[in-house]
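Colleague: So the sequences go chain by chain: Y and C.
The numbers in our numbering rise by one with no breaks, and the one at position 336 of the first sequence is 336.
Whatever position you read off the second sequence (first residue = 1), add 1000 for our numbering.
These aren't lab readings, by the way, just hints derived from the structure by calculation.
Don't be surprised by glycine CBs; every beta carbon is placed ideally from N, CA and C.
There could be a bad hint or two in this list.
Unchecked claim - FRET-style restraints, in silico, Cβ to Cβ:
hint, chain 1, residue 1, chain 2, residue 2, range
1, C, Ala1068, Y, Leu382, 43 to 49 Å
2, Y, Ile65, C, Ala1124, 28 to 34 Å
3, C, Ala1124, Y, Ser73, 35 to 41 Å
4, C, Gln1173, Y, Phe191, 44 to 50 Å
5, Y, Leu308, C, Val1289, 21 to 27 Å
6, C, Phe1290, Y, Ile114, 52 to 58 Å
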Amino acid sequence: MTTPQSASIAARLRAATLDALKATGIAFGLFVVMVGLRTDIGPTGALLLRTRWPDVAALCAAVFILRLVLALSVRPQQAAVTPARWAAGLSRAGLLFGPALLALALILPFIPGIGRYELDLGILVLTYVMLGWGLNIVVGLAGLLDLGYVAFYAVGAYSYALLAQYFGLSFWICLPLAGILAAFWGVLLGFPVLRLRGDYLAIVTLAFGEIIRIVLLNWVSLTGGPNGISGIPRPTFFGLPFSMGGGPGTFAGFFGLEPNPSHRVIFLYYLILALALLTNWVAMRIRRQPIGRAWEALREDEVACRALGINITNTKLTAFALGAMFAGFAGAFFATRQAFISPESFTFIESAIILAIVVLGGLGSQIGIAVAAIVMIGGFELFRDLDEYRMLVFGGAMVLIMVLRPRGLVGSRSPSVLLGARRE
Amino acid sequence: MAYALQQLINGISLGMIYGLIAVGYTMVYGIIGMINFAHGDIFMVGAFIALIAILSLMSSDLMGGPAAILLVLAISMAFTALYGWTVERIAYRPLRGSFRLAPLISAIGMSIVLQNFVQVSQGARVKPLEPQLRGGVELMRDGDFVVQLSYMQILIIVSTLAVLAVFTWLVTQTALGRAMRACEQDRRMASLLGINTDRTISLAFVIGAALAAVAGTLYLLRYGIADFFMGFIVGVKAFTAAVLGGIGSLPGAVLGGLLIGLIETFWSAYFSVQYKDVAAFSILALTLVFLPTGLLGRQEIEKV
């Protein structure tokens, strides 16, 4: 006896199996050469081939099972989860979530069990949060896709390193200088690309980022080329160095504390937290200024924007300059924290990571970017043992999230003001 | 003079390779209006598949002679085309009709995936390959300097011309080419007229990947190295070529490729090798600023 129901289940099973077999066939085609035959450099320097058929079989089996499960679990009738309710719930939770996250960030160094490693990770995450918020001004608010953001980060880092090396300037003088120089470069690079839109802008900014990196790599007499710059001075507590000597002129001596290497780490942590919050504060405030409104208008429709008499040139250039300035601050911080910089740290992949954080955070949502940075950089650390698979997972996640939730994981990018409806 | 002639030959053969990749960029951009950021990595995959094919043939003593090279080309084209198809199916098709930046970002993700997949599966070290084709024709002798057109360069020029001839025939004479041109002009109208646009777009990716595979194979044979990161810089340069020629224009892509190859070669020969990439990237920026439609591109009319 076959009831209509069991018949339909059988039909679905058959269809799913067929679909999975097709996917497996394609997977076999993809993997049979690239995974099945591995090129190794032999003892004589010539290349040798090594076969790895079991790996191919395992991969194909994995694809088959995955595809089968996917085909059987997705019901065609079931509508997608109502995104409107989700978003509303999330934004309500976000009201509490933001302050809670901030409070956690503020007390993090004093939570018991938080050691050197966790603080270093916190500093790293906050650096990316800051870069994400900075890039968000350009991409999220003004809608200009910038793939060379890391160039401004590099300008900031090298500004501090070179000024400290050649002129002996201190970190606190160089920090604003690094920001100003990066902003200057932002305007310089922004100017020729004003007429470009969308994808073209993306590629040109990518090219600029690469040009700056290549120059840093080859101008050996100034930048040390691939060897980078080492011995960059560490930051001082407004003039009081963090030295282990504990004399009256040091941080520990001045405040009568036991000299401890963690003082500097805690100081660096609060420094980057303050810088990140500054970025956030400026971005939030400027969003409500005429220029911020102009950015959002530009993002929504450039032609309409121009028709309304908004100066496109100034609007785009301020977005570039401001975004670049914060990258410059972050770069100076990076240089002082690492005490060593080289062009290696400023490759395209860094730009891609920062952009991924902004996009996954939901293009324009401040809290979303913070969450995305924590998830991505934290996740990156979590998968540290996986080593070379890490970037593979990272790229895969980028594609997957785009396909499943193209508007980002958390926030949305609705304009701050709308005709007829009030937000904020 | 002799030196310049030699550079001209080198530049043309390099430019042909860029042109082959640029055709893939320009074709996809013409049809769906997105930069296929992973195309450079498809080129890299093509080079690796060719490398593995050559090693397999060598281990069974079949390598050598033009038939073997043709076989390597065919293998590389077939498997790389499958990669091109898969990339489109996984990363781009679900995003059709999504907001503007979504496909570009998923393309960047796909590029990272391809690079790291090759790094994981084939190792991170640069793979050296001994020259498979030696010797050449002596064209001119100027004192000690010999201008040589190597057999490898002849192979590059001949096979590129052959592939491009087939490709031109495909686009201008067949039903598939007509469908592709229709999609390029107006995708919605094409689908109303009964053209399977999804299939046409897939085939554009397949053809683009096959051309990139030819480029990858020739690049591998010419320079004798392959590594997982080679697609990035070559990809950006080929994109520059597509933009220089006028994006969306197929003859423009080849012309742009030749120009970029020549500029890069002459720049390295007379100015500085270290800054040759800077030269290519600067051309990209200059073209977009002063000649946004490229050399052979159509003027774009902006609709409000």
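Colleague: Against each hint, give a clear statement of whether it holds in the structure.
Modeller: Hints, verified against the model:
For C/Ala1068 paired with Y/Leu382, a C-beta distance near 47 Å keeps the hint of 43 to 49 Å intact. Checking the proposed 28 to 34 Å range against Y/Ile65 and C/Ala1124 shows it holds: the Cβ atoms sit about 30 Å from each other. Distance hint check for C/Ala1124 and Y/Ser73: the Cβ-Cβ separation is about 37 Å, which falls inside the suggested range of 35 to 41 Å. Checked against the hint of 44 to 50 Å, the C-beta distance between C/Gln1173 and Y/Phe191 comes to roughly 46 Å, which is consistent with it.
The hinted window of 21 to 27 Å between Y/Leu308 and C/Val1289 holds, with their beta carbons roughly 26 Å apart. A beta carbon spacing of about 55 Å between C/Phe1290 and Y/Ile114 agrees with the range 52 to 58 Å that was offered as a hint.
Hint violations for this structure: none, all hints satisfied.
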